[in-house]
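Q: Each chain, written out:
2 protein chains.
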Amino acid sequence: MNDVDYCVVGGGFAGLTAALRLKQAGRSVALLEARDRLGGRTFTENRPDGSWIDRGGAWIGPGQDRIQALMGEFGVPSYKQYTDGEAMMFVDDKEYRYKGMIPWTMSPWAAMNLGAVLLDLGHLCKSIPIEAPWTAENADKWDRITLAHWLNSHVVSKSAHELLETAIAGAYTSAASEVSMLFVLYQMASGGGPGFVLGIEDGAQDSRPVGGMGAVSGPMAAELGDSIHLSQPVRRIHQDTDGVTVRSDDSSVRARRAIVAVPLAIASQILYEPMLPVDRSFLHQRMPSGSIIKIAVVYDEPFWRADGLSGQSAAPGSPATITIDACTDTGRPGVLCVITEGPIARRIGQLDRDARRGAILDALVERFGERARSPIDYVEQDWTTERYSGGGMLSHAPTGVLTQYGPALRAPCGRIHWAGTESSAIMCGWVDGAVRSGERAANEVMAYDTVAVAAGQSTDN
Amino acid sequence: MNDVDYCVVGGGFAGLTAALRLKQAGRSVALLEARDRLGGRTFTENRPDGSWIDRGGAWIGPGQDRIQALMGEFGVPSYKQYTDGEAMMFVDDKEYRYKGMIPWTMSPWAAMNLGAVLLDLGHLCKSIPIEAPWTAENADKWDRITLAHWLNSHVVSKSAHELLETAIAGAYTSAASEVSMLFVLYQMASGGGPGFVLGIEDGAQDSRPVGGMGAVSGPMAAELGDSIHLSQPVRRIHQDTDGVTVRSDDSSVRARRAIVAVPLAIASQILYEPMLPVDRSFLHQRMPSGSIIKIAVVYDEPFWRADGLSGQSAAPGSPATITIDACTDTGRPGVLCVITEGPIARRIGQLDRDARRGAILDALVERFGERARSPIDYVEQDWTTERYSGGGMLSHAPTGVLTQYGPALRAPCGRIHWAGTESSAIMCGWVDGAVRSGERAANEVMAYDTVAVAAGQSTDN
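Chains as they are written, first to last, in this note's numbering: chain A, 1 to 461; chain B, 1 to 461.
Since the hints were derived computationally from the structure, they do not count as laboratory data. Any given hint could be a false lead.
Put simply, identical chains are the same to the list, so a pair is met inside one copy or across any two.
Dumping the calculated DSBU-like pairs for lysine-lysine here, alpha-carbon to alpha-carbon at most 30 angstroms [to be verified]:
{"no.": "1", "residue 1": "K158", "residue 2": "K23"}
{"no.": "2", "residue 1": "K158", "residue 2": "K141"}
{"no.": "3", "residue 1": "K141", "residue 2": "K94"}
{"no.": "4", "residue 1": "K158", "residue 2": "K94"}
{"no.": "5", "residue 1": "K23", "residue 2": "K126"}
{"no.": "6", "residue 1": "K80", "residue 2": "K141"}
{"no.": "7", "residue 1": "K99", "residue 2": "K158"}
{"no.": "8", "residue 1": "K23", "residue 2": "K94"}
{"no.": "9", "residue 1": "K141", "residue 2": "K99"}
{"no.": "10", "residue 1": "K23", "residue 2": "K99"}
{"no.": "11", "residue 1": "K126", "residue 2": "K94"}
{"no.": "12", "residue 1": "K80", "residue 2": "K23"}
{"no.": "13", "residue 1": "K158", "residue 2": "K80"}
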């Protein structure tokens, strides 16, 4: 590795896209990835039987045009998330079965309350300018209260409260007490509103790429070829008036500019020389990631479908908080995906593997019957212990952070530019946001250098 | 540097005290400090005229027994903070002069409001068990609201609100919207209540060591001698069943156990192998530091004293938010200390030095008259740009952090033990808390090894 035009740090979808667009524009590029695999917070495991499991980010939905454009480029088709049959919900020791997003079969009181809150959230989201949520009329007001406080003062039904806390805080993989209400509104608005964020059909869980996310990142990596360097955790980035030097433990890259595409929660683990501007280094101290454990329980067939069940279930407080059908497009084998987030994920992450597996299977048996007891495979992914993700799925903003440090999310710092889904105004927190941020950063570095040329300076200045 | 019993990371008061107590107990120790100086968030500048300036932590108060014990050991006397004369307060374009802690000369309404809120805070502090604030009866309630929200709903007088926001948020060097109310109550309780935290006489600003904090850390360093290694930023700590290996860029230390005594906000910049337990690594993502600029403006004499002024002033929103007399025990030269914290500190930190100096001197002239225009020296310390402090003065807890991650503040992680003022239940946030944490950590590592010996294991296991 030596001199290139641009150096990209991080091989998740943001970094891969940035590098790909730069290479396609005729620039030389080096991408340094800390792990021995690409994909970042996506991670597709291909199985001997030709099926696959997405151990991380998996879904796409309408409006996520940039990930869909990439899929188009590489000829990756999508298929619909399975939603036939009934979903289940377990609240207050009661079981409800329903179809669609809102469990209308709950007590009318709870269902009305839930519906009203979602309408309210949708309305509030419309007041947030997603390119600059810190300029929203009531930005200060929303940024000094937490999601937990808001839910407490707005959701009267206990069941509705439990469900919303699980669903919304789950999306940020942290406790509701940790997340700024402004961030919640911004992130939901960034996806088009709460219906999209929490929805399945026509929502953020509408479809999946055939072959999983790896079917998209794989051909991107192939096109990037030897521009990609795995197992190269970047330790330092030095910038001077001519360019940047990016160092891992045993090698270094010299480039005109760097694009750093790592989660905010771990961006401070790189040593920047000189120090970053205060607003950016303080941002790095202030956007943590949370906990998520994603488990694929594999059966020879999706037996729940024959029972009239969609595979979708939600049980706040259970070690198997959420389940969803995660079969491939062929429907064989049967894959139930268990997603557990936030404080419960941290708790069950401390169990030993057998105890956790036991608790998960017990919960599945309760919901789907005795056949759930005997999977042919069981694949766990605990994102809290992924050193180079720093948790999952996205770094969230606690109170007071967006209003003070929001502009630092995307502002380049000299020759260092920033990508990653957290830096995308549109679809912030999804793979699509990562792709958008990579394209924005690629355009940004090229535009900066074009401006320098037009101004009669050497591009090396 | 090779094998020692214990390796201490960080040479602030926590690390220095830990190393000193270990050495005094007959253990071999190596202390690695990132900077080319000791003291951490204290920093005493000795001046040619024999006077000194404390560019960081400076004061001590009653109940701060452990820093006072150290001063006793090394024969460092203290002197009282100058408080004679009137203090000034500028709120809502009005000037008030007063003595004591509460500006009773403000509108009776504002003064009563201020007094009532302080009583209220004092009462709430009594409900917080400082060893485990997360077990307080209303811990969840306080940990889901911010200081900003609490002030908003409890302080009706605009002037009282402005003052309290400046004083309390200032203590955490961040915006009030960033800080959990549970953390505020805990930190205040840790010092004995709001009267201590905000007070001067008999409060946290009661006295100062003669010679500054450096007069204490200097002899500690001398006693530690060649156990101290400066300019050795620690990059990695590897632990195995026999001990730890602590690596800086160009050297390494092998020890039985390590004591890490760095601010929480930058603790994640060390690479821990294997990864720390989730609760501790998540804590490292979740306790940021804030901004503080401390400026010493030096005159040939403390001319304000002759005018009947104490030198103390407060002006929320001003670039010189707080001033206080910072003369040495001899009263010559005259030193006015300007302290600006939180969002305003970040803002004036972005000015160039001349513009900032101009703004500060203008403010001082307005308060202390034309003589303030012509200092003989002007010494700035911006803690936000101190790479190895990560900001100042202490790392605070945003909402939801103490209730979830509080127990991780002190719990050792295998052979890694934690010190630093943030880990002290008593006097958390002061130099005294740092000293206590160092003594606790020193006892802890020795006790763990004694238990191992008593259990018939080799201390190397």
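Q: Is it within a copy, between copies, both, or neither that the alpha carbon of K126 lies no farther than 30 angstroms from that of K94?
A: Close neither inside one copy (35 angstroms) nor across copies (41 angstroms); limit 30 angstroms.
Q: If the cut is 30 angstroms between Cα atoms, do K99 and K158 qualify within a copy, between copies, both or neither?
A: within (21 angstroms within a copy, 51 angstroms between copies)
Q: One pair to classify: K158 and K141, alpha carbons no more than 30 angstroms apart. Within, between, both, or neither?
A: both (25 angstroms within a copy, 17 angstroms between copies)
Q: At 30 angstroms max between alpha carbons, let me know whether K23 reaches K126 within a copy, between copies, both or neither.
A: neither (38 angstroms within a copy, 62 angstroms between copies)
Q: When Cα atoms must be at most 30 angstroms apart, do K80 and K23 count as within-copy, between-copy, both, or neither?
A: neither (32 angstroms within a copy, 67 angstroms between copies)
Q: Tell me, please, which holds for K141 and K99 at an alpha-carbon limit of 30 angstroms: within, between, both or neither?
A: Neither: 36 angstroms inside a copy, 35 angstroms across copies.
Q: My question is about K23 and K99: at a cut-off of 30 angstroms on alpha-carbon distance, are they close within one copy, between copies, both, or neither?
A: Cα proximity of K23 and K99: none, with 46 angstroms in one copy and 69 angstroms across.
Q: First find the shortest C-alpha distance between K158 and K23 inside one copy, then the shortest across copies, and answer within, between, both or neither for a cut-off of 30 angstroms.
A: neither (53 angstroms within a copy, 57 angstroms between copies)
Q: My question is about K23 and K94: at a cut-off of 30 angstroms on alpha-carbon distance, are they close within one copy, between copies, both, or neither?
A: Close neither inside one copy (55 angstroms) nor across copies (62 angstroms); limit 30 angstroms.
Q: Between K158 and K80, at a C-alpha cutoff of 30 angstroms, which is it: within one copy, between copies, both, or neither?
A: neither (33 angstroms within a copy, 56 angstroms between copies)
Q: Could you figure out if K141 and K94 sit no more than 30 angstroms apart (CA to CA) within one copy, between two copies, both or neither?
A: Only across copies: K141 and K94 sit 27 angstroms apart there, 37 angstroms inside one copy, limit 30 angstroms.
Q: Within a copy, between copies, both or neither: which one fits K158 and K94 at a CA-CA cutoff of 30 angstroms?
A: Cα proximity of K158 and K94: one copy only (13 angstroms, versus 49 angstroms across).
Violated hints, listed in ascending order, are 1, 5, 6, 8, 9, 10, 11, 12 and 13; each of the other numbered hints is respected by the structure.
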